[in-house]
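> Below are the chains, spelled out letter by letter.
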Amino acid sequence: MAIFQVNTATTLMDTIETVPIRTVTDIVIARQRGRDRALSMRFSETEATLIATIISELARNIVLYAQHGEILIGSLDNPPRRGISIVSRDEGPGIADVQRALLGGYSTSGGLGLGLCGVRRMVDEFQLETAPGKGTTVAVKKWAR
Amino acid sequence: MTDRPSLPHNLEPSSDASYLEVLRELVAHLRQNRTQLREEWARRIMGAKFLTAMTNDEILAECSAVYDNYLGALETGSIEALEAYARDLSERIIPRGVETFEVVGIVLLLRDVLARSLFAKYGANQQVLTRVLDAYEPAANRIANTVAVGFVQERERIIRQQQEAIRELSTPVLPVRERLLILPIIGIIDPQRSRQLTEQLLRGIRVNRARVVVMDLTGVPTVDAAVANHLVQTVEAARLVGAEVIVTGLSPELAQTLVTIAVDLGKMATVGDLQGGIEVAEKLLGYKVVPISLQSDP
Amino acid sequence: MDVPILKQRDYLIASIQAVLTDRDLLNLRDKLVQQVGNFRSKGVILDVTGLDVMDSFSVRTLRDMAHMIRLRGADTVIVGIQPEVAFAMVQLGLSLEGVPTALDLEEGLAYLGRIPKRPVPKHRP
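Chains as they are written, first to last, in our numbering: chain Z, 15 to 159; chain P, -3 to 294; chain C, 46 to 170.
Source of the hints: derived by calculation from the structure; they are not laboratory data. Any given hint could be a false lead.
Facing chain C, a subset of chain Z residues (Cβ under 8 angstroms, in silico) [as the list claims (entries may be wrong)]:
1. Thr29
2. Val33
3. Pro34
4. Arg36
5. Val38
6. Arg45
7. Asp50
8. Leu53
9. Ser54
10. Arg56
11. Thr60
12. Thr63
13. Glu71
14. Gly132
15. Arg135
For clarity, every value in this text was computed on a predicted model and none was experimentally measured. C-beta: ideal position from N, C-alpha, C; glycine also.
Take the sequences, apply the hints, and build the full model.
Quick look at the structure:
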């Protein structure tokens, strides 16, 4: 198991929304939910687009590598700061070479390979748990500016 | 991360029945003497020369509201209503120049006025007084903390808002000609400013339907690698929405930073100074600037 | 979601007005690459105003599309990228390098009109 960074703020349990991811249509649904959540939390239009883009990358990884999984969108409890937490979870093949996946330019599905390392750059907190055959969980947090 | 554990939303949740009973009793006492204690409190506030920005009537009105909220928090153990009131109050009084020491002072005065009243009533019996104070002190401290923290948070929020507004003003996007924008950047750029600058520029490009932007960095003393990367991103983002960016006024230090972080300079059009940049931009847009003397017929 | 493709003189105009799935985008790419040949078009304008998100997949697809169209003998210009979307793209490290962009349809048409005619390849004896 490779774990990056630890949690500093807790996600409010009753705000968590789960979006099952199976098809490319679900990617669109998940990112729209993320955008709606961000806007409802008074994130700016730009930040909401960032969040939608992050979710799009994570959800696509599920469809590409694991076929199915889920995206969890939650609000962070740490007033007066506002934040969103996004968790992407699947029980797919996992990532064998984590360091390489995070460096970018790495991809086994013919993608751009910028997915994970790009996501990591866009968020305030990034946590990855994966092992071959054990699935992949990516948990990220983003604070409103 | 500067995360601070959030305050618990309950005051010493105690199942101790006698504790609750004492608390109820002392709240009843404080409620009975509401008028007198409230006035005493207001007098002390004015005596301490707190809230000089407000009129006496205003102080009295706020005192009533705070007093009732205070008792409510003592009674129910829930500080949520008080928290909301403190936020609302802060929002109203901060623009009038009320300072943190005044707010803390006022809450401590109330704590003192109420404690004195409890002393007067229960002071005869040392044992009862101890129990009353055991119930009162922690609750009163928590309340004082809540109000003070609420005030400081509100202040911080306002300061952040103002910083935002100042930043917005500090980087004007100037339409100088049809389709041409100039973005003179002056001063230190940090990651937040560069983010704001990018957003403003992208909006400006759309609103003005700009095709060329001259970004002048003459006034930027130095940047670190992170900000240099942001600048490159700004140029690329502008291109994505349809405008070409010409960068001018790169100082030797800036040029060195850009080379050190191995920025692909092929992506950036650079011209020595602002004047040269505008000339190039005009050429790109198909303008030809000719002195009037040469313009008149041959 | 099927994206309508308009033919206007020498140009093809595809205007994405709603959110697209990955599959819709691939379909659009295939259709455009096909029709450029059918209509012997000289240029393609792709209006992406309706795209809410441009992630690594959409960017790669659009870039591939522009290159394929180039190989079929036409130029592509992408118009209507929203400021927020552009901002997110550069933050993610995505670029549409080598693909021309313009503000909107009108600017896209103006851009294609400014491109000099391609030189006719010389035949070697």
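> All hints, please: hold or fail.
Hints, verified against the model:
1. Thr29: violated (22 angstroms)
2. Val33: At about 15 angstroms, which exceeds the 8 angstroms cut-off, the nearest Cβ of chain C leaves the hint on valine 33(Z) violated.
3. Pro34: Hint on proline 34(Z): violated, closest Cβ of chain C at ~16 angstroms, above 8 angstroms.
4. Arg36: violated (13 angstroms)
5. Val38: holds (4 angstroms)
6. Arg45: holds (6 angstroms)
7. Asp50: violated (11 angstroms)
8. Leu53: Violated. Min distance 11 angstroms.
9. Ser54: Because about 16 angstroms separates serine 54(Z) from the closest Cβ in chain C, which is outside the 8 angstroms limit, the hint is violated.
10. Arg56: violated (15 angstroms)
11. Thr60: holds (4 angstroms)
12. Thr63: For threonine 63(Z), the interface hint holds, since the closest Cβ of chain C sits about 4 angstroms away, which is under 8 angstroms.
13. Glu71: For glutamate 71(Z), the interface hint holds, since the closest Cβ of chain C sits about 5 angstroms away, which is under 8 angstroms.
14. Gly132: holds (4 angstroms)
15. Arg135: holds (7 angstroms)
Consistency note: the structure conflicts with the earlier hints numbered 1, 2, 3, 4, 7, 8, 9 and 10.
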